[in-house]
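**Student:** Each chain, letter by letter, is given below.
Protein chains: 2
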Amino acid sequence: MSKIYLKPEEMPKKWYNILADLPTPMDPPISPFTGKPVTFDEMKAIFPPHLIEQEMSDKKWIDIPDEVLEVLSIWRPSPLIRAKRLEEVLGTTAKIYYKYEGVSPAGSHKPNTAVAQAYYNKINGIKRLTTETGAGQWGSALSLACKMFDIACRVYMVKVSYHQKPYRKSFMRLFGAEVIPSPSDITNAGREVLKRNPNSNGSLGIAISEAVEEAAQRSDTNYALGSVLNHVLLHQTVIGLEAIKQFELVGDYPDKIYASCGGGSNFGGIAFPFLEKMLKGDKKTEAIAVEPASCPTLTKGVFEYDYGDEAKLTPIMKMYTLGHDFEPPAIHAGGLRYHGDSPIVSYLYNKGLIGAEAVHQSEVFEAGILFAQTEAIVPAPESSHAIAAAIKEAKRCKETGESKTILFCLSGHGFFDMGSYDAYLDGKLSDFEYPEEAIKESLKNLPNVSLK
Amino acid sequence: MSKIYLKPEEMPKKWYNILADLPTPMDPPISPFTGKPVTFDEMKAIFPPHLIEQEMSDKKWIDIPDEVLEVLSIWRPSPLIRAKRLEEVLGTTAKIYYKYEGVSPAGSHKPNTAVAQAYYNKINGIKRLTTETGAGQWGSALSLACKMFDIACRVYMVKVSYHQKPYRKSFMRLFGAEVIPSPSDITNAGREVLKRNPNSNGSLGIAISEAVEEAAQRSDTNYALGSVLNHVLLHQTVIGLEAIKQFELVGDYPDKIYASCGGGSNFGGIAFPFLEKMLKGDKKTEAIAVEPASCPTLTKGVFEYDYGDEAKLTPIMKMYTLGHDFEPPAIHAGGLRYHGDSPIVSYLYNKGLIGAEAVHQSEVFEAGILFAQTEAIVPAPESSHAIAAAIKEAKRCKETGESKTILFCLSGHGFFDMGSYDAYLDGKLSDFEYPEEAIKESLKNLPNVSLK
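Listed in order, the protein sequences are those of chains X and D.
The letter at position 78 of the first sequence is residue 827 when you use our numbering, and the numbering goes up by one with no holes.
The letter at position 191 of the second sequence is residue 940 when you use our numbering, and the numbering goes up by one with no holes.
Chain X with its partners taken away, still in its complex shape (with noise of 0.2 Å):
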């Protein structure tokens, strides 16, 4: 059979914690006020207790809630595909298999971190949850996830977006939460920026300030961050997991793993549990963290210090980064337009223990295409990055004759984004250069951070 499922009860328990494992410590995140590592006590102000316990703890093996496993299991397990049809048209000599996270009810795979952190939130009696969204998927996940358990969202949503992705607001507005376009002028931030710009389109960079910024204020309000912090990734583990047992089951194993990577959530999410056993020196994989040429943050960027958000808020964290006042080209895959990524995902990619490639749009959009025609599920943009880089791998097999093992993760479908492939078939995308010298001017405005 080419879809492998697990049964309700072998969803995993625990998430796996790669912090445990890392050869050598991270360097901290910094705080931007005090220039000295962040504290528990300062991230209180915007994270319930449980998290920040997660997003420092050494613990291998961290409990899944019964109650987050109870909302989860709507979804979860999600399946194993083997994707007999592409390898048939493509004539590959590799196996290829994709992980589906669109099975969720968001669509893609935000919920696993957004169920739990509404979760952690409602028991520490915080009745308010604030975040932002660019495309739309972290948001839709995050006011689900606050439906289920009862407590309010508030989402802002960079300008652009609200007005070219309706129904993805739509889609929130239904699962209750309210959905503010920033910059807004209920905010300091985002009055600071209509100031400045009366017409501003926003940015993730200014949402997030919004956002945070009424968390900090608010008592009875906390913050929640869909992708790049530890207990994000950490979360996402279930992805993994679970496709190491689906693996068992058909007495098979990746070779090579593929995943879209914008914050790091995605890769992490299916990447880790893998990358544990290659650590403790079981099994190998090689794991390829998949980016827009456009947007080129671990093939192009630096690894050095940096903020997290334009208007430098948020903790000062060492990762690759193209600058945080990089701004990426527009392209269709909106969830990988960000300036820097995952702290652990760059920890790794720096000590050669994960690849990374970079791929046009115009190769992803084709490839996204055909994986649509073969398997008969729309991917999402983003996911389509990991289509492209798998494909080109299995090409490359049926040229060697090789008989690899390959998995994705197609970590979304692509129902809300049905503009950008009208945009791809009607010949309107163009795949961007190499954006070389915003990036070499972005760079230099890093922060000066010195860790003694």
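Read the hints as simulated data drawn from the structure, not as lab findings.
Beta carbons: idealized from backbone N, C-alpha and C, even for Gly.
You may find that some hints are simply not true.
[Said to hold, decoys possible] Mimicking SDA-like on lysine to any residue, the simulated pairs with C-alpha atoms at most 20 Å apart in a straight line are:
(1) X/871 <-> D/792
(2) D/871 <-> D/804
(3) X/752 <-> D/823
[What the hints assert, rightly or not] Beyond 10 Å from chain D on every Cβ pair, some chain X residues (computed):
(4) 793
(5) 934
(6) 1199
[As the list claims (entries may be wrong)] Per the computed footprint, the stretches of chain X lying under chain D, defined by three or more beta-carbons under 8 Å from a beta-carbon of chain D, are:
(7) 886-899
(8) 1164-1170
With chain X's structure known, arrange chain D on it following the hints.
**Tutor:** Leaving out everything else, chain D in the frame of chain X:
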């Protein structure tokens, strides 16, 4: 567990043909050209022999070809889910289950028959299929099915939907179909309409006429219909057959089954296998077809011979109808805006073997949103008709203390219908009055059919 899965190998291998079990024969379809029962040869102009045989067959169980099973297995068996969160919120003493067909690649139950139709046409040497689509569910399903069997597909899409539902059009394009706004200038039927009214918004009736005309004229091209006909309902019985096995797994059985009903394929698909048990005196179930109050075919129509389309090209069928030139108000569940109903469903209703119920648009959306917020699935507005009726029954059970088992078919997801949720949340959706005068008017134009 609230999700009840079947193993891939437990997929039904035969369709159930309810024609074999009807207490008396049905009145035959009449040719609009000869005034006599339609012959096998007349149908061959637009349908392949296997489908015509199925349309007229009295064989109770019909084998599903392996090639069809293989494609269906991309998403089947579909889950049966106990709506525990919804039950809790309602505080009902009833148990509520739903069969979820939105897991199909096109997002609804429609591919169950589209795949079979594409297959039979393919093995009969047909190179192209034409069809019509209104809301786009059927066009999406057929586009997908044609791509799976590598035949071309042309979809005449009602012009107003072509412009209002651009994502549905994109979906069809993505799967390689050609989408033509109807009325078009490439058929006589289309040109006739445009001559009378150059700004025509189109209608399902016009689009059917265009698709049928093209198929009748080209020997390499056939026509495919997504509902109403016997063979279409036959292919949908996999839904109910799976549900029966799933209820066996949990030792339960539905007292009441609710399914939205436009042409009848969703209703027939889930209900007929349960009716099989009832017709042979085994187990009793009350199956209720749920329709919009603004297009109340079963509850307010007449059981008479009528045309299937406005242009009077299709066979004249004995069915509940509001008159072939009745134009239903523009409700947001486009899939239920049809003047007639499946002849089998009509027959069963007329014999008192099934029930029918009409619900208003506002209660439909209210129910859909409650369902989404508890069960975390955004339902298609069509499916929400069944949800509304099921919720009404669950509330009734709460009052009486009855512990009935309720099943409804969640025929599709609503990711392409977010605009209508916005309209509802913005207070822009109103209930249409029962269009009594319009129906009275259109019922004057029924054809004069004599079976002598």
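**Student:** All hints are to be evaluated individually against the structure, with a verdict given for each.
**Tutor:** Each hint tested on the structure:
This hinted pair does not check out: residue 871 of chain X and residue 792 of chain D have alpha carbons roughly 62 Å apart, beyond 20 Å. Distance check on the hinted pair: residue 871 of chain D and residue 804 of chain D sit about 18 Å apart at the alpha-carbon level, within 20 Å; holds. This hinted pair checks out: residue 752 of chain X and residue 823 of chain D have alpha carbons roughly 8 Å apart, not beyond 20 Å. Remark: the non-interface label on residue 793 of chain X is consistent with the geometry, its nearest Cβ contact in chain D lying 30 Å away (cut-off 10 Å).
Chain D leaves residue 934 of chain X outside its interface by the beta-carbon criterion, the shortest separation being 22 Å against a cut-off of 10 Å. Here residue 1199 of chain X stays apart from chain D, with its beta-carbon at least about 47 Å from theirs, past the 10 Å limit. Residues of the stretch 886-899 of chain X with a Cβ under 8 Å from some Cβ of chain D number 3, which satisfies the need for three, so the listed coverage holds. Restraint check on the stretch 1164-1170 of chain X versus chain D: 5 residues with Cβ-Cβ distances below 8 Å, three needed, restraint holds.
In the structure shown, a violation is registered for the earlier hint numbered 1 alone.
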